[in-house]
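Asker: Below, each chain spelled out in residue letters.
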Amino acid sequence: MNGFFIIVSVFLLLNIALGLIRVWRGPTVADRLLTTQLFGTTGMAILLVLAGYSKDLTLLNVAITFNVLAILLVISLFQVWKKRREKANDDT
Amino acid sequence: MTIHELITVILLVVGCFFFLAGTLGVLRFPDLFSRLHALTKADNLGLGFIAAGMAVYIASPWAALKIFFIWLFTLLASSTSCYLIARFQKEQEQTKNGKEGE
Amino acid sequence: METYQIYNLTSAVLFVIGIGGVFAARHFIRKIIATIIMGGGVFLSFVSFAERDALTFADPVPHALVITGIVVAVASAAFALALARRIYQLTGEESFTNDK
Amino acid sequence: MSVLIDGLLAILAIYLALQSLLAPRLIKSVFLFFAFGLALALAWVRLGAVDVAITEAAIASGFLGVLFLDALRDFSPAFPAKQKNPEAAHNVLVKNNTKSLLLSRIPLGLGLGLFLLIALEAVWKTPEGGGLTAAAEAFLPESGVEHPVTAVLLNFRAYDTWLEIGVILMGLLAIFAVGGIKVYRKPNMAAQDPMLRQVIMFFTPVLFLFGAFLLYFGKTGPGGAFQAAVLWGAIGILLHLGGKSIIEEIPRWLRQLILTVGILFFLVLGFLFVAGGNALFEYPRAYAGLLILIIETLAAISIAAALTAIFANLNQMKEDPNETESIN
Chain H
-13 MNGFFIIVSV FLLLNIALGL IRVWRGPTVA DRLLTTQLFG TTGMAILLVL AGYSKDLTLL
47 NVAITFNVLA ILLVISLFQV WKKRREKAND DT
Chain F
4 MTIHELITVI LLVVGCFFFL AGTLGVLRFP DLFSRLHALT KADNLGLGFI AAGMAVYIAS
64 PWAALKIFFI WLFTLLASST SCYLIARFQK EQEQTKNGKE GE
Chain C
284 METYQIYNLT SAVLFVIGIG GVFAARHFIR KIIATIIMGG GVFLSFVSFA ERDALTFADP
344 VPHALVITGI VVAVASAAFA LALARRIYQL TGEESFTNDK
Chain S
2 MSVLIDGLLA ILAIYLALQS LLAPRLIKSV FLFFAFGLAL ALAWVRLGAV DVAITEAAIA
62 SGFLGVLFLD ALRDFSPAFP AKQKNPEAAH NVLVKNNTKS LLLSRIPLGL GLGLFLLIAL
122 EAVWKTPEGG GLTAAAEAFL PESGVEHPVT AVLLNFRAYD TWLEIGVILM GLLAIFAVGG
182 IKVYRKPNMA AQDPMLRQVI MFFTPVLFLF GAFLLYFGKT GPGGAFQAAV LWGAIGILLH
242 LGGKSIIEEI PRWLRQLILT VGILFFLVLG FLFVAGGNAL FEYPRAYAGL LILIIETLAA
302 ISIAAALTAI FANLNQMKED PNETESIN
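Chains H, F, C and S supply the protein sequences, listed in that same order. Position 23 of the first sequence, counted from 1, bears residue number 9 in my numbering, the numbering being contiguous throughout. Position 70 of the second sequence, counted from 1, bears residue number 73 in my numbering, the numbering being contiguous throughout. Position 80 of the third sequence, counted from 1, bears residue number 363 in my numbering, the numbering being contiguous throughout. Position 321 of the fourth sequence, counted from 1, bears residue number 322 in my numbering, the numbering being contiguous throughout.
FYI, nobody ran anything at the bench for these hints, they're computed from the structure. Computed from a prediction, not measured in an experiment: that's the story for all the values here. All C-beta atoms, glycine included, are put in the ideal place defined by N, C-alpha and C. Just to be clear, a hint being listed does not mean it is correct.
In the DSSO-like style, the derived pairs of lysine-lysine whose C-alpha atoms are separated by at most 30 Å in a straight line are [claimed, not checked]:
no., chain 1, residue 1, chain 2, residue 2
1, S, Lys220, F, Lys69
2, C, Lys314, S, Lys29
3, F, Lys69, F, Lys44
4, S, Lys29, F, Lys93
5, S, Lys220, H, Lys41
6, F, Lys44, H, Lys41
7, F, Lys93, F, Lys44
8, S, Lys245, F, Lys93
Not close to chain C: a few residues of chain S, all C-beta gaps over 12 Å, as computed [to be verified]:
no., residue
9, Glu143
10, Leu170
11, Asp194
12, Ala213
13, Glu250
14, Trp254
15, Phe274
Construct the complete structure from the given sequences, taking the supplied hints into account.
Answerer: Given below as structure tokens:
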């Protein structure tokens, strides 16, 4: 069972590594933001699997912390964009 | 291998399949909106399957509650950010400023 | 190869990447990121030594030091960001001028 | 078998660190830096340092990420392209001037390579000293808490925690002293966007409850004052982003009291112990658990207020965009 958990987490890590290609290529800023979403969700899944692997339930607290603070990043991103757009509108 | 472990294995494999689908969608789909669709839907479904699998494996009600909340918060955060990204991109395209060199 | 050995070597590499970034990066924000990466390398070596010295639980003193260190690093990074933004606001420069 | 996951994680962390310094665009490097924080948190989980992982998740990727994103509003998106003043435009030309670039980069590269070898040897050959685990384990029953990291943070080495609150306060004062950060028009998002308002309203009680849970759980497991403080500070930041800046709305004396109550209570307690003939921060054994809980709560309130104030000072929004006063 433990070997299976490790295979699953390695697979999820490889998913993150594949997602990096999109950060590298992705033509708009929004594409890059998207991949942070991918990292967040996949990281959550890795934490859950590791919690089962090490039988350590406190890892769930780490996952919740990541979760509840992810929303902060999203909202402050929104602010950055708003500012950028105002700047762009002012320039034109 | 007990029945619990069998259920866990099946759920985790299904979850991994959805994660793979989401990542491939992000890599292969042609425009931002379809990528958003692939990512936020498939990945959250995959996370849901993995969460269910781990809840079955750990088999403690307190942990299951926490895992459920993890999934719920991720759903909330990711749907909010999906909405914001899509709205931002739409407004950008309307002002004809879509490329990065804004 | 033990788990702690892998992270030990990683910590050395991260520290060197951070130092290189502090010297070679030009934009203020990148310099600040480089200092945080440097700190991350140091913290990683602390925690991996704590794992090596574990008895019934891992050595708690390095863990406590690392928690303190992360908070201090963040406070100093916030101050550095404030300075960088102030410099930008006053002069319009995004990097130190003698780096040109 | 687990070498696979550790090795992959290590390679990922190194790659992300390198790329976040080398990426051509600032916004890309900030995003890669978030991913680096995630990789580090997973590494800490693998090393069994769950406290550190929670702190990293809370502070380094939550609070610091918000600060970086906020700072990106000031700087131009592409660096060093598109400089407005012609004086700075020859920044762009540095790339073409490869000779001077090589002259400065070769010694740097050589030095870094040498340093890498030295650092690798240093960490590889560090002698096994046993550490302080045995001592911590022996005195754990006397500390009043059951979790060793909390015992070290708030009992054995309480100086560190005390002075750390001081460091955060000093950081806040220094940021006030820098002053004059660019002031932006108030976006007033909450009124504009019903979805954001709902999300903020949902997450505020969740953050508070989970922070309180972590604070209390610190007695028996990973958690404690700092983690709780960041979550409570996130409430202030969230409300500030939603257009309601609580740090400006409470009266000035109360603000100052909240900011300093953690460090002051610690100080008064320490001097009471010294007056009673004990060492500084040597708690009486019967009350140690209770005292630690009170100290942690007050410290968390102070740190949360300081983090909120730092963010509110860096991210200034006023109705009038021409007004450039700082709040302090």
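Asker: Just to be careful, I want the Cα atoms of F/Lys93 and F/Lys44 compared with a cutoff of 30 Å; is the pair within it?
Answerer: holds (20 Å)
Asker: Given the hint that C/Lys314 pairs with S/Lys29, does the C-alpha gap stay at or below 30 Å?
Answerer: holds (15 Å)
Asker: Take a quick look at whether S/Lys220 and F/Lys69 sit within 30 Å of each other, Cα to Cα.
Answerer: holds (19 Å)
Asker: Taking only the CA atoms, is the gap from F/Lys44 to H/Lys41 under or equal to 30 Å?
Answerer: holds (29 Å)
Asker: If I take the minimum Cβ distance from S/Phe274 to any residue of chain C, is it greater than 12 Å?
Answerer: holds (20 Å)
Asker: Could you let me know if the closest chain C CB is still more than 12 Å away from the CB of S/Glu250?
Answerer: holds (22 Å)
Asker: Holds or violated: S/Lys245 and F/Lys93, Cα atoms, limit 30 Å.
Answerer: Holds, at about 27 Å.
Asker: Would the least Cβ to Cβ distance between S/Trp254 and chain C come out above 12 Å?
Answerer: holds (24 Å)
Asker: Run the C-beta distances from S/Glu143 to all of chain C and say if the shortest one exceeds 12 Å.
Answerer: With a cut-off of 12 Å, S/Glu143 remains clear of chain C, as the shortest Cβ separation is near 14 Å.
Asker: Is the claim that S/Asp194 lies outside the interface with chain C correct, judged by CB distances over 12 Å?
Answerer: Per Cβ check, S/Asp194 is outside 12 Å of chain C; nearest 26 Å; holds.
Asker: Is the Cα-Cα distance between F/Lys69 and F/Lys44 30 Å or less?
Answerer: Holds: F/Lys69 and F/Lys44 sit about 22 Å apart, inside 30 Å.
Asker: Just to be careful, I want the Cα atoms of S/Lys220 and H/Lys41 compared with a cutoff of 30 Å; is the pair within it?
Answerer: This hinted pair holds, its Cα atoms lying about 20 Å apart.
The structure fails hint 10 only (numbered hints given earlier).
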